[in-house]
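The numbers in the working numbering rise by one with no breaks, and the one at position 14 of the sequence shown is 18.
Treat the hints loosely; a few may be bogus.
[As the list claims (entries may be wrong)] So the derived label-pair ranges between C-beta atoms look like this:
# : residue 1 : residue 2 : range
1 : N144      : L18       : 17 to 27 Å
2 : V80       : I111      : 19 to 29 Å
3 : F59       : L118      : 41 to 51 Å
[As the list claims (entries may be wrong)] Simulated crosslink set (DSSO-like; lysine-lysine; CA at most 30 Å straight-line):
# : residue 1 : residue 2
4 : K62       : K115
5 : K125      : K115
6 : K32       : K62
7 : K120      : K32
8 : K125      : K95
By construction, these hints were calculated from the structure, which means they are not laboratory data. Note that CB positions come from ideal geometry on N, CA and C, so glycine has one too.
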Amino acid sequence: PQPSAPAAGKSQHLETLESPLRVLLFGKHIPFLDLHVTARQIGPGLVIMTLRHAFLGKGLLIQTVIPLEPLLQHVVHQIYYSRNIPSFIGKLILWAERVQFERDVMIWNNKRFLSKPLLVKEDAAILRHRRWFSQFYSQNSRKHNAQKGHLDW
5 PQPSAPAAGK SQHLETLESP LRVLLFGKHI PFLDLHVTAR QIGPGLVIMT LRHAFLGKGL
65 LIQTVIPLEP LLQHVVHQIY YSRNIPSFIG KLILWAERVQ FERDVMIWNN KRFLSKPLLV
125 KEDAAILRHR RWFSQFYSQN SRKHNAQKGH LDW
């Protein structure tokens, strides 16, 4: 997946990521379940994912992030699909998103930020996204390591 930086003159608060998603079941690729996802991140608090599937058509998965206090957010996922698609399909996709998100949270809560991380070529998108996202923080923004041992904010 490769994020695209805004073109000159475009809004700097937007980022887009195009990604094909291959579905594996017990380690075996199931091609008819594959999705193509276009994720548009609008600032730090809104992600709109357009899901395209060969026979299920198009759907939207919307993620909103609401800050409650420093280092604590409320995240909401919503899914929208055509009426002609059985509701269990949307529920299954939403469940898969929730599982992946919970795995990501475990990583986010335990990761270390290095000023110059050693990344393989395929992970270059991580550094680009980190640079793009940094525009939403000030020098005074609370850092994750400040959370440990401090009860005040």
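May I ask you to test the hint 19 to 29 Å on the CB atoms belonging to V80 and I111? 20 Å, holds
Assess, step by step, whether the Cα of K62 is no farther than 30 Å from the Cα of K115, and give holds or violated. 34 Å, violated
Does the Cβ-Cβ separation between F59 and L118 fall within 41 to 51 Å? 43 Å, holds
Take the C-beta atom of N144 and the C-beta atom of L18, compute their distance, and say whether it sits inside 17 to 27 Å. 25 Å, holds
Given the hint that K125 pairs with K95, test it: the Cα-Cα distance must not exceed 30 Å. With a Cα-Cα distance of about 35 Å, the restraint between K125 and K95 is violated, given a limit of 30 Å.
With the threshold set at 30 Å, check whether the alpha-carbon distance from K120 to K32 stays at or below it. Distance of about 36 Å is beyond 30 Å: violated.
Compare the distance between the alpha carbons of K125 and K115 with 30 Å, and conclude whether the hinted pair is satisfied. Judged against 30 Å, a Cα distance of about 20 Å means the pair holds.
Between K32 and K62, is the straight-line Cα distance small enough, at 30 Å or below? 25 Å, holds
Hint compliance for this structure: hints 4, 7, 8 are not met, and every other hint is.
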